Amino acid sequence: MVLVVFSGTPDRLLGMSVLVSGAVALDMEVDIYLMLWGTYAFLKKNLEKNTELSEHKELATQLSEGLKNAGLKPWYEILKEAKELGTVRIHVCGAAAKAWNASLDDIFLADDIVGATEIIDAAKNAKIALFI
Amino acid sequence: MVLVVFSGTPDRLLGMSVLVSGAVALDMEVDIYLMLWGTYAFLKKNLEKNTELSEHKELATQLSEGLKNAGLKPWYEILKEAKELGTVRIHVCGAAAKAWNASLDDIFLADDIVGATEIIDAAKNAKIALFI
Amino acid sequence: MVLVVFSGTPDRLLGMSVLVSGAVALDMEVDIYLMLWGTYAFLKKNLEKNTELSEHKELATQLSEGLKNAGLKPWYEILKEAKELGTVRIHVCGAAAKAWNASLDDIFLADDIVGATEIIDAAKNAKIALFI
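Chains as they are written, first to last, in our numbering: chain A, 3 to 134; chain B, 3 to 134; chain C, 3 to 134.
In short, the hints are calculated from the structure, not lab data.
Fair warning: this is a prediction, and the values are worked out from it, not measured in the lab.
Mixed in with the good hints there might be a few duds.
Note: identical chains are not told apart, hence a pair may lie in one copy or across any two.
What the hints assert, rightly or not - Here are the simulated EDC-like pairs of lysine to aspartate or glutamate, each with C-alpha atoms no more than 16 Å apart in a straight line:
(1) LYS47 - ASP107
(2) LYS100 - GLU67
(3) LYS75 - GLU50
(4) LYS126 - ASP29
(5) LYS46 - GLU79
(6) LYS51 - GLU79
(7) LYS126 - GLU31
(8) LYS129 - ASP29
(9) LYS46 - ASP107
(10) LYS85 - ASP113
(11) LYS46 - ASP113
Model the full assembly from the supplied sequences, consistent with the hints where possible.
Structure (structure tokens):
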């Protein structure tokens, strides 16, 4: 499975992490490609303070309680656990890294920095490719 | 066709419904998987009052008139008609249902509640899989 | 590669253009299908003045400088260059064109106007299909 992660809002990243968990449970390999806002959200310094929702910002408190009741941890904890259990590689788009002036060490769980052709090549060969 | 519907804004859901109509016209089976905001938007109590656009909120009036001129009904009417004409199944992610404290009966046109592995399994076997 | 472009924010369209460039570099054919906000953003009169980001609007200045440092041009320049170098076709969803009261001539780089079944048919036969 290839996930091209353009978005960086914590709700969409929670959706990403849930899908990654499902794929790992099915023994699928997962390659995540971080583009602009995905890279921003994965910056270690932003992990916890990046809390703006993608929609219905006025429901933040209700959603936060609902997710707790549903037993869902923050997206980065779910992703970390999935990466420990299965094969999950996290690649950073080089242009996005440059735009945020970030090196590989600044980015949560990141494995390497890649170019656009590598994203396309991976998506072409994947059984599932989604743009998030 | 598998549509993983994370978003719940009425404009993106209109896009979803137009694609579902197209697939039904081509005799394709469609499986819709509702994630966080998708589930929220499909709550029967929210259908009509969930009007916030995904972008350019200042164009709401102009867009509303434009869509009327283009002959487009609201997304939920287009979807209902497509479901009557073809094979359209609507699945709800269990974690999303719990987060909104909703049961199957609360959710518009919903057929069943599923887990993340079922979403991935369906996407893997689909000719088209899109994340909306 | 088929890109179903629903969104019209310049940041998501930059992501689109980067992926198109990558596909062209790999000699892949690209078919872009503009839906609602995609069509709006491609209106020639909107190209340069459509500057609202999809998220973190407060970072507009920082992002703009970061993108300049990363050597990235605006999305429409990257797309134009990719279309000159490779096979990139741009199709407009008929309903979206009507909603914005636009003809083919009003839309940047557009090749033709199509219906929803043509989008689905193209996605079904593509090696990669993404919803942006």
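These are the hints, each one checked on the structure:
no.: 1; hint: LYS47 - ASP107; in the structure: within (11 Å within a copy, 42 Å between copies)
no.: 2; hint: LYS100 - GLU67; in the structure: between (36 Å within a copy, 11 Å between copies)
no.: 3; hint: LYS75 - GLU50; in the structure: within (12 Å within a copy, 31 Å between copies)
no.: 4; hint: LYS126 - ASP29; in the structure: between (20 Å within a copy, 12 Å between copies)
no.: 5; hint: LYS46 - GLU79; in the structure: within (13 Å within a copy, 32 Å between copies)
no.: 6; hint: LYS51 - GLU79; in the structure: within (14 Å within a copy, 34 Å between copies)
no.: 7; hint: LYS126 - GLU31; in the structure: both (15 Å within a copy, 12 Å between copies)
no.: 8; hint: LYS129 - ASP29; in the structure: within (13 Å within a copy, 21 Å between copies)
no.: 9; hint: LYS46 - ASP107; in the structure: within (9 Å within a copy, 41 Å between copies)
no.: 10; hint: LYS85 - ASP113; in the structure: within (11 Å within a copy, 32 Å between copies)
no.: 11; hint: LYS46 - ASP113; in the structure: within (14 Å within a copy, 40 Å between copies)
Consistency note: the structure conflicts with none of the earlier hints.
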